[in-house]
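Listed here are the chains, written in short residue letters.
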Amino acid sequence: QKEVEQNSGPLSVPEGAIASLNCTYSDRGSQSFFWYRQYSGKSPELIMSIYSNGDKEDGRFTAQLNKASQYVSLLIRDSQPSDSATYLCAVNSGGGADGLTFGKGTHLIIQP
Amino acid sequence: DVKVTQSSRYLVKRTGEKVFLECVQDMDHENMFWYRQDPGLGLRLIYFSYDVKMKEKGDIPEGYSVSREKKERFSLILESASTNQTSMYLCASSPQMTATNEKLFFGSGTQLSVL
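Just so you know, the sequences run in chain order P and U. Position 61 of the first sequence, counted from 1, bears residue number 61 in this note's numbering, the numbering being contiguous throughout. Add 1000 to the 1-based position in the second sequence for this note's numbering, that's all there is to it.
FYI, nobody ran anything at the bench for these hints, they're computed from the structure. Be aware that one or more of the hints could be misleading.
Across the chosen pairs, the derived CB separations fall in these ranges [claimed, not checked]: (1) P:Gly16 with U:Arg1044: 29 to 39 Å; (2) P:Lys42 with U:Gln1096: 18 to 28 Å; (3) P:Ser52 with U:Thr1015: 48 to 58 Å; (4) P:Ser69 with U:Lys1070: 41 to 51 Å; (5) P:Gln80 with U:Gly1040: 23 to 33 Å; (6) U:Arg1044 with P:Lys42: 14 to 24 Å; (7) P:Lys67 with U:Arg1009: 35 to 45 Å; (8) U:Gly1016 with P:Gln80: 44 to 54 Å; (9) P:Lys2 with U:Tyr1010: 24 to 34 Å; (10) U:Arg1044 with P:Pro81: 27 to 37 Å; (11) U:Gly1016 with P:Arg77: 48 to 58 Å; (12) P:Ser26 with U:Glu1062: 42 to 52 Å; (13) P:Glu15 with U:Ser1082: 23 to 33 Å; (14) P:Arg77 with U:Ser1065: 40 to 50 Å.
Glycine is no exception: its CB is placed at the ideal position from the N, C-alpha and C atoms.
Given only the sequences and the hints, what does the whole structure look like? Please build it.
Here it is as structure tokens:
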């Protein structure tokens, strides 16, 4: 069974610092990787996607992928209180329409 | 903007009732999904559909069925609701996917309470 593991937190980071969120996955055949942000009481929204090894940057967000280690991470630079949310790692193993496997999420708190 | 609309934000039902959760998307997406989200368990896939009248079981299909008679509408059916089906239900859609293009757009969710 495909598994995606995340530390549930809460992860507390001071405002302006770098928040580092980590995720591991079990299916070595996984091909695409996503980070969703979910505010309390809201539905998840996609913030980053990554498909090949290395780093991908988008504004204050950087996604990192290491397929050999089956590890994906999300860095948030210059953390803001508005970044406080639960971050969900999601993995697709083979493309097609069979949906994503989600981790349980990491609760991030940015302290002003 | 993609819009995925779930018919109810909150729903309270009694044990044994038949429950319909409706989801409509307006972007002509091929794929639609139903997830449930529970504290400590995360998002779990119940059923998905990649075409009209097509359906596939996800990870936890027991106690649920689905219907997709039209491309834009995907319904989740609880044939006989039970208390362990109390949960947040999230519908999602996505366009036709390749291995490097799978982005889900979520509805706002339905919080179902079964008493």
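Status of the hints after comparison with the structure:
The hinted window of 29 to 39 Å between glycine 16 of chain P and arginine 1044 of chain U holds, with their beta carbons roughly 36 Å apart. Checked against the given bound of 18 to 28 Å, the beta carbons of lysine 42 of chain P and glutamine 1096 of chain U, roughly 27 Å apart, stay inside it. Our hint of 48 to 58 Å for serine 52 of chain P and threonine 1015 of chain U holds, since their Cβ atoms are close to 49 Å apart. Separated by about 44 Å at the C-beta atoms, serine 69 of chain P and lysine 1070 of chain U satisfy the suggested range of 41 to 51 Å.
At about 27 Å, the beta-carbon gap between glutamine 80 of chain P and glycine 1040 of chain U stays in the expected band of 23 to 33 Å. Distance hint check: the CB atoms of arginine 1044 of chain U and lysine 42 of chain P are about 18 Å apart, consistent with the given range 14 to 24 Å. In this structure the hint that lysine 67 of chain P and arginine 1009 of chain U lie 35 to 45 Å apart at CB holds, the actual value being about 39 Å. One distance hint, 44 to 54 Å for the beta-carbon pair glycine 1016 of chain U and glutamine 80 of chain P, holds here, with the actual separation near 48 Å.
Remark: the range hint 24 to 34 Å for lysine 2 of chain P to tyrosine 1010 of chain U is upheld by a beta-carbon distance near 32 Å. Here the CB-CB span from arginine 1044 of chain U to proline 81 of chain P is close to 30 Å, well matched to the stated 27 to 37 Å. Separation of glycine 1016 of chain U from arginine 77 of chain P is about 52 Å and conforms to the stated range, judged on CB atoms against 48 to 58 Å. In this structure, serine 26 of chain P and glutamate 1062 of chain U break the distance hint of 42 to 52 Å, their C-beta atoms being roughly 23 Å apart.
A beta carbon spacing of about 45 Å between glutamate 15 of chain P and serine 1082 of chain U contradicts the range 23 to 33 Å that was offered as a hint. One distance hint, 40 to 50 Å for the beta-carbon pair arginine 77 of chain P and serine 1065 of chain U, holds here, with the actual separation near 46 Å.
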